[in-house]
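Chemist: Whenever a hint applies, use it, and build me the whole structure from the sequences.
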Amino acid sequence: MRRTLTLATTLLATPALAQQGPLTILSWGGDFAAMQEQAMARPFSEQAGIPVRFVDTDDPAGMVKTQVEAGNVTADLASVGQGAGMRLCEEGDALPIDPASLVPPPGGGAVAQDFLPHTLTDCFVATDIYSTVIAYDTEKVAQAPTSAADFFDLERFPGRRGLGRTPQFTMELALVGDGVPLDQVYDVLATPEGVERALAKLDSISEQIVWWEAGAQPIQLLADGEVAMTHAYNGRVFKAAQVDGLPLAILWDAQMMEVEGWVIPKGAPNHDAARDFVAFSTSPEVLADAAEILPYGPPRRSAQEMVGNFAGDGTTPMGPHLPTAARNMTNALFVDPAFWADHETELRARFTAWLGGE
Amino acid sequence: MASALDPHAAVVAGASGASPRLTTADGQPLARALARASARARRRAFLLVAPLLLFVVVTFVIPIGQMLHRSIYNDGFAANMPQISAWFAENPSGTQPDEAAFAALAADLKTAADIRTIGIVGTRMNYDVPGTRSLFTSTGRKARAGFEPPFREALIEADEDWGDPTLWRAMRSASTAYTANFYLAAVDRTRDDQNSIVQVPERQQVYVMLFQRTFWLSLVITGLTFLLGFPIAHLLATLPMRKSNLLMILVLLPFWTSLLVRTTAWMVLLQQQGVVNDILVWLGVVGQDGRLKLIYNQVGTIIAMTHILLPFMILPLYSVMRTINPSYVRAARSLGASSWTAFRRVYFPQTLPGLGAGALLVFILAVGYYITPALVGGSSGQLISNMIAMHMTETLNWSMAAALAAILLASVLVLYWIYDRLVGIDNLKLG
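As they're listed, the protein sequences go chains A and B.
Numbering-wise, UniProt numbering puts 189 at position 189 of the first sequence, and it's gapless, one number per residue.
Numbering-wise, UniProt numbering puts 5 at position 5 of the second sequence, and it's gapless, one number per residue.
Don't read these hints as lab results, they were simulated from the structure.
Bear in mind that the values here come from a model prediction, so they are computed numbers and not experimental data.
The hints are all genuine.
Covered stretches of chain A, as calculated for chain B (at least 3 residues, CB under 8 Å):
#: 1; segment: 200-214
#: 2; segment: 220-230
#: 3; segment: 347-356
For each residue, glycine too, the CB sits at the ideal point set by N, CA and C.
Modeler: This is the structure we're talking about:
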C-alpha cells in the first residue's frame, strides 16, 4: 500500500527545486497565517535573510503525514494542533525539538518552566492557545450568565443554544454544566456512566439546541438572533465584537483551551533553518506581537505582560481578551488530546447515535 | 450481371467454397487484407481513447481500488509488531499468552517506541478496543527504558490492562493485516468473547440507522424532484422555443451557482428568524413563538437537496419530452380517451426513459451527498456520507471510511442492477 502510494505521489509531485531554498511552512491560511506571516515570518526573514513561504491547507498535519509517508517532504515546518503534534511525534513523522534551543525568558530561568503546561512536548513547541468559549448576545439576555451551568438553565436564560455538532467540547461542557469539577471532567467522561450523564444533561436542553458545523456559523447564528448563547471560538467572537461591532460578550467560565504550535516534519529539506525559525517565533517578544494581532494567548508566562494593544485599532488593550489572561484562566479546561485520541471513535459513535435518536 | 454487383455475392461465393478465393487487386486474400485494415483502424481508435483510459485508470480506478483495499487491509499492528504477530501465527487461537508471548510483546513495544511507530500500533488497536491507544503509547515510553524479565509481571505492573483477554483477542485479530472487522463495524456488528458475530450495544448502533436514513431520504428527494420537475419539464418541452429557452435559463441558473451559495441561501430563507418565518408571522399564519423549524433538521436537508438536485431530474425529462410526438396524444383523444387516460396510457409511458435517467441520477447523487446535509441537516438530517467524511478527516480511520464507502457503492450497484432488471438500462436517456 505504502509503496504504491509512494510511487503515485512521486509520479505526480513536482521534484523539490533546491535543497537550500526558502523556508516552507504549512499553515491554515486566512487570518491565522496572515498573523504568522506578519508577526513571525517577516521579522525572521529580515534578521536571518531566509525567505519564508506559506502554503495554505485545511489540514497541515495530514499533509505532513502524507509527505513523510511518500518520502517526498517539501515542508520545513507545520502549524498543527497539540493532538496532531502528539500523534505525528508518536508515529515518527516529526523531528524532536530540543527545549534548550529555544530562547530563554528575559529574566533568566528555564525555558521549560516558562512555557505553560502541555505547551512544550518532544516534537512540539506551542505558538498560541485558543479557546472554545460560551458567547452570548448582550442585548438578548436579561442578565449576563456567570457560569457554565447557566448555559443549561433555560428558565433564567431563555433562548436557543448553539453547540458544535461534535462530542468534543460539547460533552465536556455538559459535564461541567452538570457540576463536574474541571479537573475530573476527563476521568468522568472515560466511564460509560459519565458519557450517559453528559448526554442526559444535553437531553435537558435538546429542544433548544441549534447544532453548528463550521466555526463561522455560531457568530452568524448570534447575529441573526437564532440563538441566545452559543459555544464559539474566542477569536471569532473577538473579531465580531471588536471589528464588526456586534453586541457580543464572552463568558470565560469553563473555557476549553487548545494549543497550536510547530512541528518539523521528518526529512524537512531545511530543518536547520526551521529550528532557527521555531526558536525565533516562540521568543516571548514575538509571541506577544502575535497576540496583539489575534486574540490567542501566548503559551509563555513571560510573554503575557508584554502584550500591548490590539493591532487592529491600536487602542483596545489585548491582555483581557486572551484566553491566557489570569482572570480568564480561573476556571479553564485544557482539552486533553490524549483522551480524545483514545476515545474519539467510540464517543463519536455514541454521540451520533444519540443525535439520531433525538 | 446483377449478382456481380450484389454486396453479398462474395460471402455467398466464399461460403459455398465452389468458386476461387477472392483476392484484392494486388493479389492478397481479401479476408486477410480486410482483417488487417480493420485491426489498424481498431488500433488507431484505441490510441485515440488511450489518454482518456489512462486518465480514468490513474485518477479513478487506482485510487478507488486502493481505498477499497484499505477496507480489508490494515497492517498498522502486523507490520510494526513482528515478534508478537509471529507468536500469534505459531499458536492457535485460544492459547493463553505465555511468558514467550509477553517477551515478544515487550520487545516489539520497545522497538516500536524507539523507532516511533508505537502511535500507529496504538491507533490500529484503538479501532477495535477503544481506549487502548494511550495504553500502547504510555507503555511504549516505559519500554524504552527496558523491561526486565519476567515480562508478564513487568508488563502487567506497567498497566494491568495487559492481562485483559479482550485486548489479547483483539491483538490476535490485528496480527494479520487482512481483516473483515471494519465491515463488521460498518454494520454495527462486533465479535464477542466466543469470537462469534454479535450486534454492538444499542447505544453504539449508528451506521445501519444512517444507511437506512440515507436511502429513505434519497428516495423522498427523488420523489419530490419528480413531482416538481415533471410539470416544469413538460412546460419547457411544449412552449415555443423562445419562451422555453428563457425558462430553461431559469432552471439552469441555480445549476450554475455554487453549491455553497445555494445552501447558505436556504439558511437565510429557512432559519427561525429567516425570511420564510418572518413572512408567516407577518401573515399571522404562525405566532411569534410558534416559528417553524425548517432548517437544521431533516426538513432542511430535504428542501435544500430537492432544490439543488432538481435540474438533474428536469434536464433528462425535458430532452425526452421534446421528442414525443404530440399527435399521439391527439390521436388518443380523438379516439375517445379522456385527457387523464391519454396522459396515463399514451404520454407518460413515453417519458419513462427520461424519468428513469433523472431518478437514477438524482438518487445516486443524493445517496452520496455531503456538504448540504452537513450544513443544514442539524442532528436528524445527517447522512452516511457525513460519517465517511468524519472518519476520513477527524478520526483518521480510513479503513472504516473505506468500508462504509464500499457498502454504499455496493448498494448503489445493486440498485442499478434492480433498475436494469425492472426498466432496462437500454431505456435510459440522459439527454
